[in-house]
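Chemist: One line per chain: the protein sequences are A and B, in this order. Note that the first sequence covers residues 1 to 525 in our numbering. Note that the second sequence covers residues 1 to 525 in our numbering.
Quick caveat, the hints were computed from the structure, so don't treat them as lab data. Hints are not guaranteed to be accurate.
For identical chains, the list gives no copy identity; a pair is met inside one copy or between any two copies.
To be verified - Subject to a maximum C-alpha distance of 25 Å in a straight line, what follows is the list of computed BS3-like cross-link-like pairs (lysine-lysine): (1) Lys47 / Lys323; (2) Lys323 / Lys72; (3) Lys441 / Lys504; (4) Lys360 / Lys323; (5) Lys441 / Lys47; (6) Lys140 / Lys47; (7) Lys140 / Lys66; (8) Lys140 / Lys504; (9) Lys140 / Lys72; (10) Lys509 / Lys66; (11) Lys360 / Lys340; (12) Lys504 / Lys66; (13) Lys509 / Lys72; (14) Lys140 / Lys360; (15) Lys47 / Lys340.
On a predicted model such as this, the values are computed, not experimentally measured, just so you know.
There are 2 protein chains.
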Amino acid sequence: MMELIGTSFIGHQRGSESGQIFQVTNPATGQVLTPSFHGATEQELQKALELAEAAFTPYSLTSPEKRAEFLKAIADNIESLVDEIQPRMTGESALPEPRCRMEAGRTCGQLRLFANLLEEGSWVNARIETALPDREPVPKPDLRSMLRARGPVAVFCASNFPLAFSVAGGDTASALAAGCPVIVRAHCSHPGTAEIVAGAIQQAVISCGLPEGTFSMIFDQGRQLASQLVQSPTIQAVGFTGSRSGGRALMDLAAARPVPIPVFAEMSSINPVFVLPGAMAERGEMIATNLVSSVTLGAGQFCTCPGLVFTGGSDSFNEVLSKGFSEQPAATMLHQGIAKNYQSCLHTLSSQNGVQTLAKTEASGSQGGPAILKATHSEFIANPQLSAEVFGPSSLVIECETGADMLAAAASLEGQLTASVHGTEEEIANATELINILAQKAGRLIINGFPTGVEVCHSMVHGGPYPATSDGASTSVGTASITRFTRAVAWQNFPESSLPDELKSINPKGITRLVNGIYTSAPVS
Amino acid sequence: MMELIGTSFIGHQRGSESGQIFQVTNPATGQVLTPSFHGATEQELQKALELAEAAFTPYSLTSPEKRAEFLKAIADNIESLVDEIQPRMTGESALPEPRCRMEAGRTCGQLRLFANLLEEGSWVNARIETALPDREPVPKPDLRSMLRARGPVAVFCASNFPLAFSVAGGDTASALAAGCPVIVRAHCSHPGTAEIVAGAIQQAVISCGLPEGTFSMIFDQGRQLASQLVQSPTIQAVGFTGSRSGGRALMDLAAARPVPIPVFAEMSSINPVFVLPGAMAERGEMIATNLVSSVTLGAGQFCTCPGLVFTGGSDSFNEVLSKGFSEQPAATMLHQGIAKNYQSCLHTLSSQNGVQTLAKTEASGSQGGPAILKATHSEFIANPQLSAEVFGPSSLVIECETGADMLAAAASLEGQLTASVHGTEEEIANATELINILAQKAGRLIINGFPTGVEVCHSMVHGGPYPATSDGASTSVGTASITRFTRAVAWQNFPESSLPDELKSINPKGITRLVNGIYTSAPVS
Numbered sequence: 001m002m003e004l005i006g007t008s009f010i011g012h013q014r015g016s017e018s019g020q021i022f023q024v025t026n027p028a029t030g031q032v033l034t035p036s037f038h039g040a041t042e043q044e045l046q047k048a049l050e051l052a053e054a055a056f057t058p059y060s061l062t063s064p065e066k067r068a069e070f071l072k073a074i075a076d077n078i079e080s081l082v083d084e085i086q087p088r089m090t091g092e093s094a095l096p097e098p099r100c101r102m103e104a105g106r107t108c109g110q111l112r113l114f115a116n117l118l119e120e121g122s123w124v125n126a127r128i129e130t131a132l133p134d135r136e137p138v139p140k141p142d143l144r145s146m147l148r149a150r151g152p153v154a155v156f157c158a159s160n161f162p163l164a165f166s167v168a169g170g171d172t173a174s175a176l177a178a179g180c181p182v183i184v185r186a187h188c189s190h191p192g193t194a195e196i197v198a199g200a201i202q203q204a205v206i207s208c209g210l211p212e213g214t215f216s217m218i219f220d221q222g223r224q225l226a227s228q229l230v231q232s233p234t235i236q237a238v239g240f241t242g243s244r245s246g247g248r249a250l251m252d253l254a255a256a257r258p259v260p261i262p263v264f265a266e267m268s269s270i271n272p273v274f275v276l277p278g279a280m281a282e283r284g285e286m287i288a289t290n291l292v293s294s295v296t297l298g299a300g301q302f303c304t305c306p307g308l309v310f311t312g313g314s315d316s317f318n319e320v321l322s323k324g325f326s327e328q329p330a331a332t333m334l335h336q337g338i339a340k341n342y343q344s345c346l347h348t349l350s351s352q353n354g355v356q357t358l359a360k361t362e363a364s365g366s367q368g369g370p371a372i373l374k375a376t377h378s379e380f381i382a383n384p385q386l387s388a389e390v391f392g393p394s395s396l397v398i399e400c401e402t403g404a405d406m407l408a409a410a411a412s413l414e415g416q417l418t419a420s421v422h423g424t425e426e427e428i429a430n431a432t433e434l435i436n437i438l439a440q441k442a443g444r445l446i447i448n449g450f451p452t453g454v455e456v457c458h459s460m461v462h463g464g465p466y467p468a469t470s471d472g473a474s475t476s477v478g479t480a481s482i483t484r485f486t487r488a489v490a491w492q493n494f495p496e497s498s499l500p501d502e503l504k505s506i507n508p509k510g511i512t513r514l515v516n517g518i519y520t521s522a523p524v525s
Numbered sequence: 001m002m003e004l005i006g007t008s009f010i011g012h013q014r015g016s017e018s019g020q021i022f023q024v025t026n027p028a029t030g031q032v033l034t035p036s037f038h039g040a041t042e043q044e045l046q047k048a049l050e051l052a053e054a055a056f057t058p059y060s061l062t063s064p065e066k067r068a069e070f071l072k073a074i075a076d077n078i079e080s081l082v083d084e085i086q087p088r089m090t091g092e093s094a095l096p097e098p099r100c101r102m103e104a105g106r107t108c109g110q111l112r113l114f115a116n117l118l119e120e121g122s123w124v125n126a127r128i129e130t131a132l133p134d135r136e137p138v139p140k141p142d143l144r145s146m147l148r149a150r151g152p153v154a155v156f157c158a159s160n161f162p163l164a165f166s167v168a169g170g171d172t173a174s175a176l177a178a179g180c181p182v183i184v185r186a187h188c189s190h191p192g193t194a195e196i197v198a199g200a201i202q203q204a205v206i207s208c209g210l211p212e213g214t215f216s217m218i219f220d221q222g223r224q225l226a227s228q229l230v231q232s233p234t235i236q237a238v239g240f241t242g243s244r245s246g247g248r249a250l251m252d253l254a255a256a257r258p259v260p261i262p263v264f265a266e267m268s269s270i271n272p273v274f275v276l277p278g279a280m281a282e283r284g285e286m287i288a289t290n291l292v293s294s295v296t297l298g299a300g301q302f303c304t305c306p307g308l309v310f311t312g313g314s315d316s317f318n319e320v321l322s323k324g325f326s327e328q329p330a331a332t333m334l335h336q337g338i339a340k341n342y343q344s345c346l347h348t349l350s351s352q353n354g355v356q357t358l359a360k361t362e363a364s365g366s367q368g369g370p371a372i373l374k375a376t377h378s379e380f381i382a383n384p385q386l387s388a389e390v391f392g393p394s395s396l397v398i399e400c401e402t403g404a405d406m407l408a409a410a411a412s413l414e415g416q417l418t419a420s421v422h423g424t425e426e427e428i429a430n431a432t433e434l435i436n437i438l439a440q441k442a443g444r445l446i447i448n449g450f451p452t453g454v455e456v457c458h459s460m461v462h463g464g465p466y467p468a469t470s471d472g473a474s475t476s477v478g479t480a481s482i483t484r485f486t487r488a489v490a491w492q493n494f495p496e497s498s499l500p501d502e503l504k505s506i507n508p509k510g511i512t513r514l515v516n517g518i519y520t521s522a523p524v525s
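Could you build all of it, start to finish, from the sequences and the hints given here?
Modeler: See the structure below:
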């Protein structure tokens with residue numbers, strides 16, 4: 001068993017114990033966990049930045065196979081540590097053992113998926129146009145382009161996924177895959193978990209013989225180091241998963257730099273669910289039962305938790321929901337701050353005019369009690385408070401009198417990660433107008449399903465218009481997330497030997513490229 | 001001959017004459033041109049925004065074939081007006097007839113290239129993963145994603161390309177191709193040219209039966225309407241080509257919105273050229289001769305004009321440059337403001353410590369006199385003024401004593417659109433370090449060539465790190481520019497009939513897609 005020491009990871013080294021000290025509490029027991037953690041000093045952050053700067057060129061020029069080996073080494077190291085990670089993670093987050101093990105599996109699977117992507121190689125979007133030296137009035141040059149690493153990336157860990165959206169999570173995996181060194185800012189509610197995972201990455205950097213600055217991780221309880229990190233000229237992009245206020249603060253800092261950089265923040269979503277009348281008549285109670293599971297899964301602490309349900313009004317649907325929610329026990333949330341925020345948001349919501357609480361499980365301390373509330377469409381349209389995110393195991397049913405009400409509600413929504421529609425076969429075929437509105441509001445549209453469960457694959461879009469994400473265009477889950485940390489570069493009239501392998505005429509890896517307008521994996525003839 | 005009336009284009013209508021009046025002067029003659037132009041009123045801008053908002057859903061859902069037909073209609077209309085456009089364009093910009101005709105050809109070619117892209121269809125980056133209902137522990141859903149239009153786009157026209165980067169230029173063509181309605185803000189130095197082109201687009205909107213708000217164009221001499229346009233909740237992205245100060249002002253406005261939006265600004269670049277010793281010995285005089293042509297082409301008014309030349313120092317090279325520049329006549333610039341700014345920047349540059357003017361053609365009024373200057377590497381490194389953009393027909397030779405000096409100079413550069421290296425075959429093969437540095441600084445790397453001449457094709461990258469562009473990652477020229485105006489959307493568990501054609505299993509258009517990790521144009525079996 002590795003002993004935790006509570007200091008940052010600065011390249012191959014560990015940080016000092018001279019920074020600000022903070023402690024972490026087991027949310028389930030209130031017990032203070034050992035050791036104490038030491039925030040990085042400004043000098044340590046500076047050192048991590050210098051190392052990342054120095055690492056960028058050599059790391060970005062490693063072969064894709066080398067980076068794949070590195071990602072797989074990280075996955076192997078994490079896998080070998082799961083028995084250490086799980087109890088610490090449960091102690092820091094109250095997430096139960098099966099969830100911790102599943103999240104570890106997801107994290108390792110994600111790292112290996114990016115390794116496969118690198119080994120296959122076509123993700124670089126290679127485009128080749130060959131020269132036409134005799135073209136009139138001017139010759140056409142040989143011009144080849146592909147995606148390259150942007151530069152060192154700062155990653156801010158999420159509170160609600162101590163593994164899959166944290167130290168070795170999706171942002172880190174995609175940035176490292178792209179060829180960008182990463183400096184992680186650990187989340188201060190699960191620093192012990194972060195320390196074990198950072199050790200796994202540091203070991204992989206060393207065993208793969210990569211530049212020291214490929215990876216660093218700083219502890220930091222306040223906001224000052226975070227600001228310095230985002231404002232450093234070394235940092236070329238930011239990945240963040242967390243609150244809307246936190247994400248927006250980083251966006252504003254990054255936009256105000258002398259050289260602005262992009263922030264890819266995944267922030268807030270209430271994930272509306274629309275239940276059309278035919279589906280309600282056919283299987284309303286089943287939908288209600290599944291909705292209870294989706295809302296209360298992981299104490300509702302998912303960015304895809306469905307927080308708004310639009311129906312035509314159904315007593316039996318509401319009864320199943322009421323019964324289901326009242327039977328769900330209160331659950332310990334990730335930390336006391338989240339639980340307090342949940343209770344406070346829930347209180348605000350339930351105090352709004354016309355909002356009726358159908359069922360609520362009482363809870364105190366770090367616990368969150370599941371709750372289901374109800375209001376009418378006209379109250380929803382009149383009061384923006386009814387579409388504010390309540391992060392936790394609650395949902396609000398909005399009863400609409402007409403289909404037009406549902407369309408108006410959909411049109412009034414802010415940007416979302418997901419939107420779901422339940423309908424009969426015929427209803428879905430005729431729901432074009434609703435689906436078209438939702439396609440402008442959300443990153444992922446779901447038919448007859450629930451938004452929790454975010455598949456890590458090539459076609460996932462875990463994104464959506466602001467405030468779901470900062471840029472509204474990309475995904476933070478799945479292989480397409482790698483392009484966030486790249487930029488396009490073109491090579492004009494280069495000799496074959498000086499081109500990157502992906503752009504060489506012989507196409508050594510046989511990747512799929514766009515050659516003179518045709519997608520092909522053949523060499524350029 | 002169409003008579004110009006000087007009012008904005010608000011959907012199918014023309015604006016009133018009640019806005020602020022401005023006039024335009026022929027830079028070659030000083031003559032005031034008729035008619036007077038009328039800035040749009042706030043009400044007219046509001047109307048254009050409302051029309052664009054209403055047009056977004058129906059226009060974004062038109063078939064790619066319909067949008068291709070529209071783009072080709074615009075090209076046909078412009079082509080039929082070239083004999084009207086050319087004299088007006090020459091009158092407003094002093095650009096000679098052949099350049100005007102070539103730029104018209106480029107503009108129409110660009111529109112037709114996007115039409116071809118839409119007809120082929122694979123640009124949407126369709127990704128399909130089919131369901132695994134029996135997977136343990138949880139089933140895998142059917143998940144399909146592709147790029148969709150972002151929303152209405154504001155386009156700001158460039159002064160230096162009255163056609164190719166203006167009303168029907170690259171930003172407009174790529175946004176319309178993506179399915180985004182466009183509101184253009186005409187450049188106030190060539191409003192007559194803008195009016196003719198806007199008429200060509202308006203006609204195409206009508207003849208193709210597209211929603212009225214698909215296209216509007218406002219005249220506006222000040223900054224207030226421009227700010228309102230960028231701040232409107234309707235606008236979802238901005239395209240801009242122009243000065244660094246103008247682009248940054250738009251970036252700051254867009255980032256401060258309640259819902260921030262991306263600005264794709266192409267702003268400033270000095271396009272460094274490196275001449276390695278072997279190439280200098282072998283063909284220094286030829287390189288110098290070609291450099292004179294590249295710098296003075298179009299009175300130096302290209303974003304790709306090479307403003308910095310790094311050499312090992314060569315008297316014969318400098319002599320050819322001096323002779324070449326002194327033989328180049330002064331040329332009328334686009335407008336008096338640009339000419340004054342050029343003279344002022346050139347004066348500032350030539351007054352810097354250690355900067356020597358090798359040759360300079362005298363000029364006054366709206367004319368710009370070609371100039372070639374020289375300084376040493378140590379002066380370059382010590383004084384950031386030596387790497388400030390001078391927009392016009394001048395260049396600065398920096399003499400480096402060693403190869404290490406060249407590397408240090410390259411590393412000190414800001415973001416650039418292009419970087420060029422001249423070397424012998426052996427030098428290029430050994431210039432890995434220089435090329436790797438430049439690949440981090442520029443969007444396009446050129447071997448043994450000059451940066452002017454931006455090919456419009458699939459593989460062009462006309463982009464580069466800030467301040468060359470705002471986002472540092474994309475291109476504003478070529479087919480890849482379309483993705484700026486899109487966002488990724490995923491469809492989960494949709495029935496075949498409700499999916500966009502591009503994602504249907506039968507693959508009706510036979511586009512290339514990523515299906516379960518394999519690139520294929522086959523149907524999903």
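Chemist: All hints, please: hold or fail.
Modeler: Now for the hints, and whether the structure bears them out:
no., hint, in the structure
1, Lys47 / Lys323, "neither (56 Å within a copy, 51 Å between copies)"
2, Lys323 / Lys72, "neither (46 Å within a copy, 61 Å between copies)"
3, Lys441 / Lys504, "between (41 Å within a copy, 22 Å between copies)"
4, Lys360 / Lys323, "within (10 Å within a copy, 87 Å between copies)"
5, Lys441 / Lys47, "between (42 Å within a copy, 23 Å between copies)"
6, Lys140 / Lys47, "neither (47 Å within a copy, 44 Å between copies)"
7, Lys140 / Lys66, "neither (36 Å within a copy, 30 Å between copies)"
8, Lys140 / Lys504, "within (18 Å within a copy, 37 Å between copies)"
9, Lys140 / Lys72, "between (43 Å within a copy, 23 Å between copies)"
10, Lys509 / Lys66, "within (14 Å within a copy, 38 Å between copies)"
11, Lys360 / Lys340, "within (16 Å within a copy, 72 Å between copies)"
12, Lys504 / Lys66, "within (19 Å within a copy, 37 Å between copies)"
13, Lys509 / Lys72, "within (20 Å within a copy, 38 Å between copies)"
14, Lys140 / Lys360, "neither (70 Å within a copy, 32 Å between copies)"
15, Lys47 / Lys340, "neither (37 Å within a copy, 46 Å between copies)"
The structure fails hints 1, 2, 6, 7, 14 and 15 (numbered hints given earlier, in ascending order).
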